[in-house]
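Protein chains: 2
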Amino acid sequence: MRPDPALLSLNTATVRAQWKLDRIIAGCERHGIRGIAPWRDQIAELGLKETKRRIRDAGLIVTGLCRGGFFTPRGRRGLAAAIAENRRAIEEAAELSAQCLILVVGGLTDGSRNLADARALVEEGIAAILEDARRAAVPLAIEPLHPMYAADRACINTVAQANALCDRLGEGLGIAVDVYHVWWDPELADAIAATDSRRLLGFHICDWLSPTTDLLNDRGMMGDGVIDIRRIRGMMEAAGYRGFHEVEIFSTNKWWNHDPDEVLRVCKARHAELC
Amino acid sequence: MRPDPALLSLNTATVRAQWKLDRIIAGCERHGIRGIAPWRDQIAELGLKETKRRIRDAGLIVTGLCRGGFFTPRGRRGLAAAIAENRRAIEEAAELSAQCLILVVGGLTDGSRNLADARALVEEGIAAILEDARRAAVPLAIEPLHPMYAADRACINTVAQANALCDRLGEGLGIAVDVYHVWWDPELADAIAATDSRRLLGFHICDWLSPTTDLLNDRGMMGDGVIDIRRIRGMMEAAGYRGFHEVEIFSTNKWWNHDPDEVLRVCKARHAELC
Chain A
138 MRPDPALLSL NTATVRAQWK LDRIIAGCER HGIRGIAPWR DQIAELGLKE TKRRIRDAGL
198 IVTGLCRGGF FTPRGRRGLA AAIAENRRAI EEAAELSAQC LILVVGGLTD GSRNLADARA
258 LVEEGIAAIL EDARRAAVPL AIEPLHPMYA ADRACINTVA QANALCDRLG EGLGIAVDVY
318 HVWWDPELAD AIAATDSRRL LGFHICDWLS PTTDLLNDRG MMGDGVIDIR RIRGMMEAAG
378 YRGFHEVEIF STNKWWNHDP DEVLRVCKAR HAELC
Chain B
138 MRPDPALLSL NTATVRAQWK LDRIIAGCER HGIRGIAPWR DQIAELGLKE TKRRIRDAGL
198 IVTGLCRGGF FTPRGRRGLA AAIAENRRAI EEAAELSAQC LILVVGGLTD GSRNLADARA
258 LVEEGIAAIL EDARRAAVPL AIEPLHPMYA ADRACINTVA QANALCDRLG EGLGIAVDVY
318 HVWWDPELAD AIAATDSRRL LGFHICDWLS PTTDLLNDRG MMGDGVIDIR RIRGMMEAAG
378 YRGFHEVEIF STNKWWNHDP DEVLRVCKAR HAELC
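Same order as they appear, the protein sequences are chains A and B.
Throughout, my numbering is defined as the position within the first sequence, counted from one, plus 137.
Throughout, my numbering is defined as the position within the second sequence, counted from one, plus 137.
Just to be clear, a hint being listed does not mean it is correct.
Remember, identical chains collapse to one label, so a pair may be satisfied in a single copy or spanning two.
Unchecked claim - Think about it this way: if two alpha-carbon atoms lie no more than 25 Å apart in a straight line, the pair counts; the simulated SDA-like pairs of lysine to any residue are: (1) 391 x 249; (2) 391 x 355; (3) 405 x 212; (4) 391 x 351; (5) 157 x 348.
Derived by calculation from the structure, the hints in this document are not laboratory data.
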């Protein structure tokens with residue numbers, strides 16, 4: 138397993154505090170970063186056509202669109218609206234030729250303590266949009282989120298759990314593995330090994346800082362924390378994954394305050410050194 | 138499943154900011170709380186003999202001693218010292234006739250990213266003290282901690298993982314199930330059902346606040362969060378657990394600032410209503 142700078146992709150959240158999307162696209166081109174994963178709110182601001190044009194002109198590959206999902210917050214009465222929103226996200230992903238649409242599936246329904254209900258609603262929601270995704274040739278990537286987000290962001294919390302859902306729903310659905318969310322899992326190696334390579338739709342990198350001071354926005358730059366990223370990359374490649382390494386760092390107190398060109402330089406250097 | 142106030146036990150951390158151990162013991166007696174789970178630093182301050190005398194005079198049962206474990210922080214070179222410290226904890230637990238010694242096993246070794254090594258070291262440490270625990274008739278209770286503590290507190294993070302370790306090491310070792318740490322686990326029901334009732338050594342309660350603002354000290358009072366505590370109690374009882382319900386709340390911003398008598402009253406009321 139050798140470092141491969143060509144595999145680096147930038148999730149635009151990493152420098153979203155400093156740059157709007159047009160500048161992020163230009164930054165990727167300037168720094169020789171070949172992949173980009175933009176967020177829908179940034180695309181809406183720049184305009185979908187303009188985003189597509191700039192990404193194409195910069196020669197970037199869209200490794201994922203962030204994001205679909207959130208089927209659960211308003212429960213069954215909100216499901217139709219969530220499905221409609223996810224269909225719009227699929228259209229945008231198709232327009233940008235995104236390699237996948239990332240699904241952050243949603244946590245508990247507001248006011249509910251029933252995780253089983255939330256998980257069933259997620260399955261129902263994904264099932265409802267899966268045919269649209271297949272027709273649009275946009276694979277849906279379930280991103281299992283760290284268990285500390287089970288209440289408010291995603292009730293799918295392990296690779297094994299995502300895999301079981303993929304088994305039930307079939308083709309067109311896969312998994313994005315983010316080291317931040319799964320590094321702790323004692324079953325991780327087995328779960329990735331058990332995953333069909335066609336289901337491995339994304340590999341996201343950053344680091345877990347110890348101590349972590351904020352549940353949301355205290356993610357670390359690769360190498361500043363405790364995750365053995367290369368080992369997890371090894372699991373992915375052993376299972377057949379050949380895609381990009383998408384760096385995604387939410388960092389209120391550190392990286393969002395840095396010169397974004399410097400952030401991209403550090404991302405590249407750490408990726409080459411450690412991932 | 139009916140509410141049973143006689144099953145309430147107080148982990149002394151719940152009011153440690155307001156009261157020293159002697160006052161906590163008196164508080165339990167005054168409020169008719171029959172179980173107590175003291176911490177070793179508090180016992181050291183009051184004195185082991187004096188603690189024993191006061192707990193006996195108050196008619197309390199020690200549902201667990203907090204805590205042993207932490208086999209990993211200094212790695213192999215710290216293991217002998219950790220084992221020695223755990224042997225002292227076993228002696229204290231025996232002296233207090235504690236129903237178990239809680240093990241918070243430790244996270245990654247300082248400076249290491251190797252979770253597998255840490256987990257192996259935990260197993261080695263527990264194996265080294267297990268015969269002492271058997272001789273002292275003090276069951277060792279592995280407490281699987283929430284995955285957000287994998288780096289710095291415990292690299293045993295699910296009931297299934299703890300169970301596998303118990304399978305390997307045998308009699309005298311079991312599990313303390315804390316709803317805060319395990320509520321999110323999609324395998325929880327299966328994992329508890331697969332646990333021999335003799336291994337179920339403790340059931341700890343509090344609540345997961347949504348949002349949670351601090352990784353350590355923002356635990357909620359039962360009913361203030363999203364955990365379906367009674368459902369997890371049902372899993373425990375279906376598996377044969379008949380022990381106490383130990384309330385343990387770390388709460389810098391709320392309960393540690395309240396009148397501790399009021400805290401105990403609320404614990405009792407919420408336990409009767411929701412657990």
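Structure versus earlier hints - violations, ascending order = Violated hints: 3 and 5; rest satisfied.
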